[in-house]
Amino acid sequence: MAFKQISSPHAHASQNTAKVMQLVLWATIPGLIALTIHFGWGSLINLVLATVTAVIAEALIIKLRGRPVAFYLKDYSAVLTAVLLGLALPPLAPWWVVVVGTLFSIVIAKQLYGGLGYNPFNPAMVSYVVLLISFPIQMTTWVTPAALLPEGISHPGLIESVQIVFSGLNPADGVTGATPLDSFKYADGLLVDQIYAQNPLFSQAAFAGLGWEWVNIGFLIGGLVLLASRIFTWHGPVAMLAAMTLMSVIFYDGGSSDSPGSALMHLFSGATMMGAFFIMTDPVSSAVSNRGRLIYGALIGVLVYIIRAWGTYPDAIAFAVLLANFAAPFIDNYTLPRTYGHTDRRRATEKEEDS
Amino acid sequence: MRTWITPGGVHPPENKHQSVTMPIGTLPLPEKLLIPLSQHIGTPAVPCVEVGKKVLKGQKIAEASGPLSVPMHAPTSGTISAIEHRPIAHSSGMLAPCIEITSDGRDKWKKHEGFKDVENATPAALVKAIGDAGIAGMGGAGFPSAVKLSPGYQRPIHTLIINATECEPYITADDSAIRERAAEIIEGIGILSHILGNPSNIMIGIEDNKPEAIAALEPHVEDTGISVVSFPTKYPSGGEKQLIYILTGKEIPSGDLPADIGMVCVNIGTTYAVKRAIVDGEPLISRVTTMTGDACGINRNYETLIGTPVSHMLANSEFNEETCSRLVMGGPMMGFSLTSSDVPIVKTTNCILAPSYDEIPDDEPAQPCIRCGMCAEACPVSLLPQQLFWYSQADDHERLEAHNLFDCIECGACSYVCPSNIPLVQHYRHSKGEIQKARAEKVRSDHARERFEFHQQRIEQAEKNKEAKRTARREAAEKAKAKAAASPEKSASTAGGGAADIIAAAQARAAAKKVSPEQQQAKFERSIAGAEMRLQMAEEKLADAGEGHSDEQKNILTAAVEGARQKLEQAKGRLAEHIKQHNGEQVD
Numbered sequence: 002m003a004f005k006q007i008s009s010p011h012a013h014a015s016q017n018t019a020k021v022m023q024l025v026l027w028a029t030i031p032g033l034i035a036l037t038i039h040f041g042w043g044s045l046i047n048l049v050l051a052t053v054t055a056v057i058a059e060a061l062i063i064k065l066r067g068r069p070v071a072f073y074l075k076d077y078s079a080v081l082t083a084v085l086l087g088l089a090l091p092p093l094a095p096w097w098v099v100v101v102g103t104l105f106s107i108v109i110a111k112q113l114y115g116g117l118g119y120n121p122f123n124p125a126m127v128s129y130v131v132l133l134i135s136f137p138i139q140m141t142t143w144v145t146p147a148a149l150l151p152e153g154i155s156h157p158g159l160i161e162s163v164q165i166v167f168s169g170l171n172p173a174d175g176v177t178g179a180t181p182l183d184s185f186k187y188a189d190g191l192l193v194d195q196i197y198a199q200n201p202l203f204s205q206a207a208f209a210g211l212g213w214e215w216v217n218i219g220f221l222i223g224g225l226v227l228l229a230s231r232i233f234t235w236h237g238p239v240a241m242l243a244a245m246t247l248m249s250v251i252f253y254d255g256g257s258s259d260s261p262g263s264a265l266m267h268l269f270s271g272a273t274m275m276g277a278f279f280i281m282t283d284p285v286s287s288a289v290s291n292r293g294r295l296i297y298g299a300l301i302g303v304l305v306y307i308i309r310a311w312g313t314y315p316d317a318i319a320f321a322v323l324l325a326n327f328a329a330p331f332i333d334n335y336t337l338p339r340t341y342g343h344t345d346r347r348r349a350t351e352k353e354e355d356s
Numbered sequence: 004m005r006t007w008i009t010p011g012g013v014h015p016p017e018n019k020h021q022s023v024t025m026p027i028g029t030l031p032l033p034e035k036l037l038i039p040l041s042q043h044i045g046t047p048a049v050p051c052v053e054v055g056k057k058v059l060k061g062q063k064i065a066e067a068s069g070p071l072s073v074p075m076h077a078p079t080s081g082t083i084s085a086i087e088h089r090p091i092a093h094s095s096g097m098l099a100p101c102i103e104i105t106s107d108g109r110d111k112w113k114k115h116e117g118f119k120d121v122e123n124a125t126p127a128a129l130v131k132a133i134g135d136a137g138i139a140g141m142g143g144a145g146f147p148s149a150v151k152l153s154p155g156y157q158r159p160i161h162t163l164i165i166n167a168t169e170c171e172p173y174i175t176a177d178d179s180a181i182r183e184r185a186a187e188i189i190e191g192i193g194i195l196s197h198i199l200g201n202p203s204n205i206m207i208g209i210e211d212n213k214p215e216a217i218a219a220l221e222p223h224v225e226d227t228g229i230s231v232v233s234f235p236t237k238y239p240s241g242g243e244k245q246l247i248y249i250l251t252g253k254e255i256p257s258g259d260l261p262a263d264i265g266m267v268c269v270n271i272g273t274t275y276a277v278k279r280a281i282v283d284g285e286p287l288i289s290r291v292t293t294m295t296g297d298a299c300g301i302n303r304n305y306e307t308l309i310g311t312p313v314s315h316m317l318a319n320s321e322f323n324e325e326t327c328s329r330l331v332m333g334g335p336m337m338g339f340s341l342t343s344s345d346v347p348i349v350k351t352t353n354c355i356l357a358p359s360y361d362e363i364p365d366d367e368p369a370q371p372c373i374r375c376g377m378c379a380e381a382c383p384v385s386l387l388p389q390q391l392f393w394y395s396q397a398d399d400h401e402r403l404e405a406h407n408l409f410d411c412i413e414c415g416a417c418s419y420v421c422p423s424n425i426p427l428v429q430h431y432r433h434s435k436g437e438i439q440k441a442r443a444e445k446v447r448s449d450h451a452r453e454r455f456e457f458h459q460q461r462i463e464q465a466e467k468n469k470e471a472k473r474t475a476r477r478e479a480a481e482k483a484k485a486k487a488a489a490s491p492e493k494s495a496s497t498a499g500g501g502a503a504d505i506i507a508a509a510q511a512r513a514a515a516k517k518v519s520p521e522q523q524q525a526k527f528e529r530s531i532a533g534a535e536m537r538l539q540m541a542e543e544k545l546a547d548a549g550e551g552h553s554d555e556q557k558n559i560l561t562a563a564v565e566g567a568r569q570k571l572e573q574a575k576g577r578l579a580e581h582i583k584q585h586n587g588e589q590v591d
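These protein sequence lines are chains A and B, in that order.
Using our numbering, the first residue of the first sequence is number 2, and each one after it goes up by one.
Using our numbering, the first residue of the second sequence is number 4, and each one after it goes up by one.
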């Protein structure tokens with residue numbers, strides 16, 4: 002009798018890449034719901050538009066590269082990139098902003114580097130930065146939280162939102178406005194307490210910024226689900242959030258007019274939680290070892306705070322993640338774990354083991 | 004008792020219950036048994052029987068051939084029917100020398116008896132008996148037990164660890180052997196302890212998924228100083244390094260053996276074989292092997308004769324080839340697939356796994372590595388499998404070694420958890436092979452370079468010596484000349500004498516250098532023989548150059564033949580001249 006020759010191990014766990022990606026997609030739902038409640042239909046439209054563009058672009062490029070299209074599409078990685086980008090872009094952004102961004106992330110930042118697993122930078126963040134630099138007005142126009150809309154005005158309905166996105170129709174006055182991070186940055190000459198008292202974004206919020214605090218809580222919940230499912234380890238997110246907390250405590254400056262804001266505000270504003278659990282945890286472009294991920298995470302936390310506090314951009318997740326992506330291979334060289342039977346950890350670059 | 008926790012590890016479905024519903028059974032005697040000469044680490048055994056010879060059960064049929072070799076014995080009585088290369092159980096499906104015995108059906112033992120007084124036997128005698136019984140580690144590696152137990156270590160052994168972990172899914176060979184043979188196993192451990200000079204610490208390491216086996220051992224270890232240590236089930240706790248860490252919290256330094264830190268680790272199946280060898284005088288000719296998997300109607304353990312064809316086992320286990328997805332020797336994590344069921348059970352075969360497609364489906368195609376790091380979380384020796392995979396694909400040997408590739412125990416935990424279905428272990432095996440090849444090549448080229456450099460140095464030295472001599476002679480001559488010119492009178496009186504001295508000295512040198520005519524003749528004859536051989540070779544080459552060669556090549560070969568012929572004639576001419584001259588001298 003003849004049998005197949007197959008390399009060990011013969012048993013396999015039931016986990017697969019598509020399931021991992023799907024689980025991450027499901028975990029974005031709390032954040033998406035919070036975004037939709039507080040900022041209207043825009044995020045959902047972004048998400049659908051980006052997903053359709055990403056799948057088409059991915060299929061075309063895979064075909065051009067002469068690879069089996071169905072096999073690669075089934076890994077859901079293009080969908081995940083699109084969803085993350087869609088969530089990061091401002092709601093009600095013009096359709097071409099979303100399409101250009103998605104094309105850039107799939108075609109340039111991912112496929113031109115060799116496709117899934119070979120991109121040195123987080124594709125969604127690459128295109129986010131490209132869009133931010135190319136179309137600053139569209140990229141910094143955020144929708145006002147529902148609770149702060151002027152009397153008699155509400156967020157556009159689904160159909161009206163689609164029209165705004167595709168026809169360039171301007172939304173009604175007051176529908177768009179500043180974010181908490183913007184308000185804080187440009188509130189010169191006011192003490193922290195004064196900002197909190199005067200700006201309804203803060204005065205009507207529970208603890209950080211109206212609407213935004215719930216969006217961050219949504220992504221935090223999704224992130225904790227992923228952590229519990231062992232999709233990633235705690236090292237990266239915890240290091241990033243801890244570094245941000247530490248930085249904002251050190252530089253709080255007693256709430257003076259120069260203060261960059263409280264730790265609570267930084268943790269629950271902007272894209273902090275999404276960045277900590279959905280962006281920097283992208284394994285392809287991050288550091289590999291647990292120790293490496295501690296350093297990588299802390300680096301992102303510090304960079305985010307520095308750019309927010311003293312840079313010209315109100316939020317900084319994308320820049321910080323990209324800079325850390327650059328550093329990841331370097332971090333990897335010096336953060337190998339200690340292997341069984343060795344007295345010390347080794348460096349990836351050493352030629353002979355020091356004894 | 005305290006146990007330590009290894010990093011990583013996985014929890015694959017255990018699937019052990021299927022094969023322990025029945026006690027250890029025996030198979031009908033196979034018609035033919037095939038005993039490979041290499042079932043262990045080390046050089047193959049050398050046959051000491053001829054084809055056609057009748058042998059009795061337990062009779063030695065092959066001798067150990069070196070320090071890491073073990074002898075082989077006839078598993079049953081019968082006739083040696085072949086000594087030749089046959090397919091054996093090896094991951095490459097290769098052929099290897101084997102002895103085939105056709106059973107006579109009587110299964111008649113040779114006369115044998117064990118040690119009467121084990122307590123007073125010397126460790127050396129016991130170790131020799133274990134070596135003669137052909138015992139090699141039965142856990143999988145097949146390291147000759149006698150070598151492991153040999154005295155002469157730099158450091159005394161303080162800890163003896165008996166490995167009853169059996170962490171691979173499906174396998175229950177050790178489990179069932181412990182349940183049924185606990186007393187004999189403990190007796191075997193006693194013998195090992197005696198050989199090793201009664202280590203202060205003797206532990207049986209066993210996973211907590213074998214409560215029946217633990218219960219069976221406990222009454223027998225009372226008052227023996229042996230402790231049964233159970234610990235949480237996790238794959239791969241049964242690796243020697245892992246088990247030592249779990250039980251003692253100590254790591255074996257990379258590249259060292261357990262004996263280097265005063266420990267010896269022996270598989271529990273081996274202790275039973277030791278007991279049989281020492282107390283009963285029976286060599287290792289059978290072992291407990293698990294036959295399991297859904298493609299077999301009967302799942303159970305058998306006391307299997309070494310050399311039993313796997314097909315014989317399958318035939319007696321209601322095997323259904325249609326439903327069988329693959330045939331594995333060993334467990335589902337580290338076992339290797341068999342391409343043919345004609346191969347025999349050997350001393351290290353603890354399991355034959357014949358899973359159905361539902362149990363172990365065909366592998367899915369590998370997807371790209373997304374460096375998710377699940378493999379690093381699963382690795383029991385704290386490697387970064389994702390990085391190793393990356394550098395393995397790039398053939399970056401330096402990086403692979405810096406990432407401690409050679410500390411990989413190939414347990415397969417990384418591949419088990421990989422969501423992209425990448426056969427990581429296969430990549431690591433390939434890279435290990437490539438690096439070893441490169442190392443061997445480097446050693447060879449280093450040798451060649453050293454030889455060449457030495458040769459160059461020698462030639463230079465010889466040249467220098469010659470040059471020095473020449474200079475010395477020239478200087479001496481000049482000095483003599485100058486002397487002669489300075490005192491012409493004196494030189495006139497001594498010139499004749501001085502010249503005569505120089506000539507005499509030169510003649511003496513020439514005489515010293517000159518070889519006897521016989522030697523000279525022999526030298527000429529040797530050069531003729533050489534020239535003849537070269538001519539013959541050149542002619543053969545020309546004859547071989549058939550259709551495939553161009554005219555130009557043929558011309559070159561023809562010219563070579565012609566050249567060789569001329570050289571031969573020259574050599575012959577020189578010899579003839581020498582003989583003529585020599586004879587002439589004699590006539591004179």
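No lab work stands behind these hints, which were simulated from the structure alone.
Don't take each hint at face value.
Unchecked claim - Distance condition first, Cα-Cα at most 25 angstroms in a straight line; then the derived DSS-like pairs of lysine-lysine:
1. K486/B to K467/B
2. K5/A to K20/A
3. K57/B to K111/B
4. K19/B to K244/B
5. K435/B to K352/A
6. K114/B to K35/B
7. K119/B to K56/B
8. K114/B to K5/A
9. K352/A to K445/B
10. K445/B to K469/B
11. K352/A to K57/B
12. K526/B to K570/B
Query - Numbers of the earlier hints that this structure fails to satisfy, in rising order - result: Of the numbered hints, 1, 2, 7, 8, 10 and 11 do not hold.
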